[in-house]
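**Q** Each chain, letter by letter, is given below.
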Amino acid sequence: MMNIMTGAAIRARGLEKRFGDVRAVQGVDIEVAAGELFGFLGPNGAGKTTAMTMLTGLSRPDAGSIEIGGIDCSKNPKAAQHLIGVVPDESNLYPELNGFENLCFSGALYGMRRDERRRKASELLELFGLGAAASRKFSGYSKGMKRRLVIAAAIMHNPPLLFLDEPTSGIDVESSRMIRSLLSDLHRNGVTIFMTTHFIDEAERLCDRIAFIVNGLIVRIDTVERLLQPVHGRYALIVSFSDAAKVPLMDLERAFPLLEFHMLPGGELRVESGEALKTGALVRFLEEAGAEVTEAKKRVLSLEDVFVEITGIGAGHMQKEKEGRGRR
Amino acid sequence: MQAYYLKPPNVSWGLLFPLAWTGMFLIRSGQDSHSLLSVLPGMIALSVLFGTSSMLAVAVTFEKKAKAFERLLLSPIPLYLLMLAKTSGAVLFGMFNALVPVLLGFWFADLSGADWGMAVPAVLLIAVVSTFLSLLLAILATEVFEVQTLSNFVRFPMIFLCGLFFPVSALPLFLQPISFLLPLTYGVDILHHAIGGEQLLPPSVDFSVLAGFCLLLFMLSLRSINKHWIG
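Chains as they are written, first to last, in the numbering used here: chain A, 1 to 328; chain B, 1 to 231.
Next up, chain A with everything else stripped away, as it sits in the complex (with noise of 0.2 Å):
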């Protein structure tokens, strides 16, 4: 699959959408290069998916313009929508066709010839890893595998612009594991991919670019390099307490000058350092001190703590909402 396009695949300026008197999405300004791998990250809510469906021209913006591939689509969302496919964060294949008919559906929906769309059918779903429930209707696939066909059925007709909204939220770590490899490859072989999501670390493993969203705003667009620069290199030792009120933090300021520390919300104790962290030293001053340790997690500074630093979200807000729609 090679990119046709040139230039900006997307740009969108001042874009804005209201529902009522709540401005799910405020003046947001994106453009996404050709061949770019571009996140959109941001907690439930935060105008992400709105965003997605203004491109992809489901909604119109209340304000701003669109281009897609150099096409105009402001005035008419449909004017560029044979130059994308859209993964949905739910599956909209009909559940009363198999698998293999969906994609050939899906293809005759983009123009495709009857024998294109059934060779590049059946080959699709051997990519996909459904070459065994080609037959089998789609409502008695897993969530995984519905997720799998939902995106061989948005790239049938070889799109080079692919939107995916939340593409492996609440799916097996297998299927998961199997679509974040597909979009690498779709990426190295040019195809522009623009994900929403709120998996930091999926984010991180996967895009070129990100962009930071929060209550509708764009509060950080950046390389995944700049912007884990801050952080690299860098540790951090989150401890938990039985009792945080115990935790003696001007002792340990001054009997470990080097490091960094802060008391976060839930009562946890962060520290951070420029150099490996020696866990055993700094436990064994705590207790020493009275504070009881009930836990000590050890991690390299990764982009969840550049988003918090940035947005103000905490990161456990972000892992409540993975676990959540996990379990859907």
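Treat the hints as calculated values from the structure; they're not laboratory data.
Incorrect hints may have been included.
[To be verified] Straight line, CA to CA, 20 Å or less: simulated PhoX-like cross-link-like pairs of lysine-lysine:
#, chain 1, residue 1, chain 2, residue 2
1, B, Lys65, A, Lys137
2, A, Lys137, B, Lys227
3, B, Lys67, A, Lys78
4, A, Lys78, B, Lys64
5, B, Lys64, A, Lys137
6, B, Lys227, A, Lys75
7, B, Lys7, A, Lys78
Assemble chain B onto chain A, guided by the hints.
**A** For chain B alone, kept in the frame of chain A given last:
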């Protein structure tokens, strides 16, 4: 289309209900051929009306729920073409439904004098107009039962107001203007021309008004979809 034909709402409202009405009228009319020919146009119109509206309610609502409609909206097919394709299934189903009273009519009465060249286009236009009318309602609802309930507010008054089983002229004077605002009145009038019964207007007027209703309802449906689904 194959996915929707045998859904329960279609079987009950689209097939059983018109069949029961047709059977009831045929038994009631007995061997009186004149009486049979005067109610047959109404039975055909009723079958088409309930067939199309049930099929469309099922097709559109199920697709909306399954998000499959969203996928259609994402395809590069113009909206008007998409809607014509989507509604054609309901139109065909409605026309197929019209066969039930027609076949029973052939069994019970002498239909050798019927003008099928006029009746078939009338059935097609009735199917188209009731499909678009149902589409307007389906756009507003999220569940099949909601569309069926909303449809009943339109379908049942039309049974009495559109001259299906007794002439519009038999209605109280204050109700007669309402009859002329309803498209089914003109469709049934053409069927009366073609099969038997009391006629109101020349067929050319009926066809023109019915075609006008088709166009108007189609444009309204497109506008409504643009407003509600591509908001």
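**Q** Are the hints correct? Go through all of them and say.
**A** A quick look at each hint next to the structure:
Taking the CA atoms of B/Lys65 and A/Lys137, the gap is about 17 Å. The hint holds against a cut of 20 Å. Taking the CA atoms of A/Lys137 and B/Lys227, the gap is near 33 Å; set against the 20 Å cutoff, the hint is violated. A hinted pair counts as satisfied when its Cα atoms are at most 20 Å apart, and B/Lys67 with A/Lys78 qualifies at roughly 18 Å. Between A/Lys78 and B/Lys64, the direct Cα distance comes to roughly 19 Å. Compliance with the 20 Å bound is thereby established for this hinted pair.
For a cut-off of 20 Å, the pair hint linking B/Lys64 to A/Lys137 stands: about 19 Å separates their Cα positions. Under the criterion of a C-alpha separation no larger than 20 Å, the hint pairing B/Lys227 with A/Lys75 is consistent with the structure, at around 14 Å. Proximity of B/Lys7 to A/Lys78 is assessed by CA-CA distance (about 32 Å); at most 20 Å being required, the pair is judged violated.
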